[in-house]
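Novice: Read off the chains here:
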Amino acid sequence: MGYPHPIHPKETPVLSKHFGEVAARSYAGWVERGGYVALKKAIGMAPDDIINEVKASGLRGRGGAGFPTGMKWSFMPKDTTRPHYLCCNADESEPGTFKDREILRWTPHALIEGCAIAQLAIRAEMTYIYIRGEFTEPYHILMRAVDEAYANGVLGADALGSGKRIDVVVHRGAGAYICGEETAMMNSIEGRRGNPRIKPPFPAVAGLFGMPTTINNVETLAAVPAIINHGAAWYATLSLSSPKSTGTKLISVCGHVQRPGTYEITLGLPMKELIYDLCGGMRPGHTLKAVIPGGASVPIMTPDEVESCPTDYEGIVAHGSMLGSGGMIVMDDSTDLVYVIMRLARFFAHESCAQCTNCREGTAWTTRVLERLLAGEGKASDLDLLLDLAENMTGKTICVLSDSCAAPVVSGIQKFRADFDACLNGSRPTVTVGA
Amino acid sequence: VSAHDTAAHDPVFAGDVLAKLEALYPKYPDKRSLLLPALWLVQETRGWISDGSLAEVAEKLDLTPAYVRGVVTFYTMYHTHPVGRHFIQVCTTSPCGMCGAGDVVQALLQHTGCGDLGATSPDGRFTVSEVECLGACGFVTPVIIDDDFIDSVMPELVPDILARYP
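Going down the list, the sequences are from chains F and G. Counting with our numbering, you get residues 1 to 435 for the letters of the first sequence. Counting with our numbering, you get residues 1 to 166 for the letters of the second sequence.
Incorrect hints may have been included.
Pairs of lysine to aspartate or glutamate residues, derived as EDC-like cross-links and limited to a Cα-Cα distance of at most 16 Å, are as follows [what the hints assert, rightly or not]:
| id | chain 1 | residue 1 | chain 2 | residue 2 |
| --- | --- | --- | --- | --- |
| 1 | G | 31 | G | 59 |
| 2 | G | 27 | F | 190 |
| 3 | G | 27 | F | 391 |
| 4 | F | 272 | F | 305 |
| 5 | G | 31 | F | 190 |
| 6 | G | 27 | F | 49 |
| 7 | G | 20 | F | 147 |
| 8 | F | 78 | F | 49 |
Honestly, the hints are just simulated from the structure, not real lab data. All values reported here derive from a predicted model rather than from experimental measurement.
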């Protein structure tokens with residue numbers, strides 16, 4: 001595999017420092033690299049002190065929503081009369097996103113250590129790591145690491161001689177994007193169809209098996225050991241822009257760049273530097289046309305919006321989109337945005353759990369209308385129809401899958417109207433796309 | 001093999017496979033949570049999930065066959081019909097689709113002899129399936145054959161790759 005790439009001077013390797021080192025996958029190799037020191041430290045801390053440290057670091061959820069991690073942990077009840085659970089979301093499947101995969105493949109013990117520390121903080125005895133079924137290679141690597149962690153006494157009834165029980169179970173999904181939605185994930189672990197649940201109750205009140213539960217993304221949990229080791233103040237200084245966006249972020253870049261891959265940046269790095277310096281810019285002879293910065297479900301950005309945009313939570317919002325999961329799809333001038341959006345809509349239509357009408361019907365009809373535009377059979381009224389569908393798919397369902405389908409459609413029509421017009425006026429070669 | 005022939009079902013959960021299932025019991029507070037892992041064990045052992053296997057899983061976990069069917073059909077990776085000896089998944093979602101995944105699909109269909117997506121080749125060797133996002137968008141085109149992840153597949157590489165799967 002032609003990956004990982006050598007670390008670029010503009011990267012800040014915290015999580016990615018040992019990507020590419022096969023030896024880092026083993027328990028011994030991880031301990032040699034400073035592994036499980038943070039867990040030992042955390043065992044000596046009061047749970048609330050761990051939570052406060054993570055709060056002070058400014059760490060925010062790396063799965064997409066960007067919710068402050070320490071605050072999420074603080075929602076968990078303090079009493080332990082009932083079991084508490086931690087779920088680690090390793091169901092990475094947002095198109096454009098392939099960052100957690102690198103953590104799972106190269107530094108599985110960083111994740112296990114993060115899970116163990118989080119368990120201490122939220123007073124849980126058990127983590128379920130929900131890994132998507134298609135991640136066959138990462139699954140086998142993670143399973144080996146978990147077995148090794150048990151064999152070396154890091155996990156189990158008396159974790160690291162602390163007298164505390166810390167357990168990690170890896171639960172394998174079976175091909176459903178929606179199970180990355182936290183309440184669908186809990187249903188899936190419970191052996192049910194992966195339908196999202198209505199909130200409230202929120203997971204911290206009644207989550208997995210009806211018990212208080214916290215769900216964190218792989219990258220979020222893997223960042224915790226470094227925060228415990230080096231301190232919240234150190235992590236909080238890692239920012240090139242907004243004080244609300246601290247630390248490093250893995251950004252997986254794909255599409256028409258010269259060097260696609262997963263890069264670790266300090267939040268706030270100009271998006272232009274990420275695309276042109278780290279990823280080598282466009283293919284020769286091509287110019288930038290569009291960027292989807294945070295996985296398939298965020299609005300599409302124009303080159304003008306990219307021009308002055310810092311890569312952080314607030315900056316991307318101010319420039320017309322969202323950081324999301326950090327899965328960045330870069331498109332050059334050869335790209336037909338209508339095709340890209342149709343393909344995204346087809347993705348969401350395929351992955352809709354179908355319990356809400358607006359999503360089940362909306363994603364399917366959006367896909368069909370886009371397909372007929374591409375086939376040269378569109379009507380002038382189709383763009384209004386798409387926008388009408390999008391409006392009825394936003395904020396009207398149990399989860400945000402249908403909103404996610406609507407976002408690229410709306411931003412695509414608003415910002416790349418010429419591509420849609422070309423489908424209508426016959427100036428574009430027609431493409432027949434399978435239903 | 002008929003997908004609906006339950007009369008002569010040879011139990012999946014015996015010996016090692018049963019031991020693997022039983023080793024999972026302490027990890028969950030109830031039996032129903034073993035459903036996805038149990039279905040994986042069936043598929044790993046038999047290649048697909050027949051009605052007979054489905055009923056067996058239901059009995060083991062104190063569930064009804066109808067409930068188990070509802071779950072099985074929700075998840076795309078469980079096969080409810082026999083598939084080829086080697087199951088091929090190729091990603092065609094936007095990032096892959098705009099970087100040439102469609103040509104890889106065509107090459108796979110042609111060189112396996114499958115003809116159509118979801119169909120099994122006449123020699124029973126391959127089934128090709130188009131899947132939504134494999135989470136490997138920077139390694140276009142990603143393909144999974146059985147448990148093997150293969151990145152950066154291009155149409156001209158397909159014959160050599162297939163030769164590794166007799």
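Novice: Would you check the hint for residue 20 of chain G and residue 147 of chain F, treating anything up to 16 Å between C-alpha atoms as holding?
Specialist: Distance ~15 Å between residue 20 of chain G and residue 147 of chain F Cα, so the pair holds.
Novice: Has the given pair, residue 31 of chain G with residue 190 of chain F, been kept, meaning a C-alpha gap of at most 16 Å?
Specialist: The hint holds at about 9 Å.
Novice: Would the hint linking residue 31 of chain G and residue 59 of chain G be met if the CA-CA limit is 16 Å?
Specialist: Roughly 11 Å separates the two Cα atoms, so the pair holds.
Novice: Does the structure keep residue 27 of chain G and residue 49 of chain F at a Cα separation of 16 Å or less?
Specialist: 29 Å, violated
Novice: Please verify whether residue 78 of chain F and residue 49 of chain F have alpha carbons no more than 16 Å apart.
Specialist: It holds: about 13 Å lies between the C-alpha atoms, which stays within 16 Å.
Novice: Mind checking the alpha carbons of residue 27 of chain G and residue 391 of chain F for me, to see if they're no more than 16 Å apart?
Specialist: 44 Å, violated
Novice: Between residue 272 of chain F and residue 305 of chain F, does the CA-CA distance stay at or below 16 Å?
Specialist: 10 Å, holds
Novice: For the pair supplied as a hint, residue 27 of chain G and residue 190 of chain F, confirm whether the alpha-carbon distance does not exceed 16 Å.
Specialist: Holds, at about 12 Å.
Hint compliance for this structure: hints 3 and 6 are broken, all remaining hints hold.
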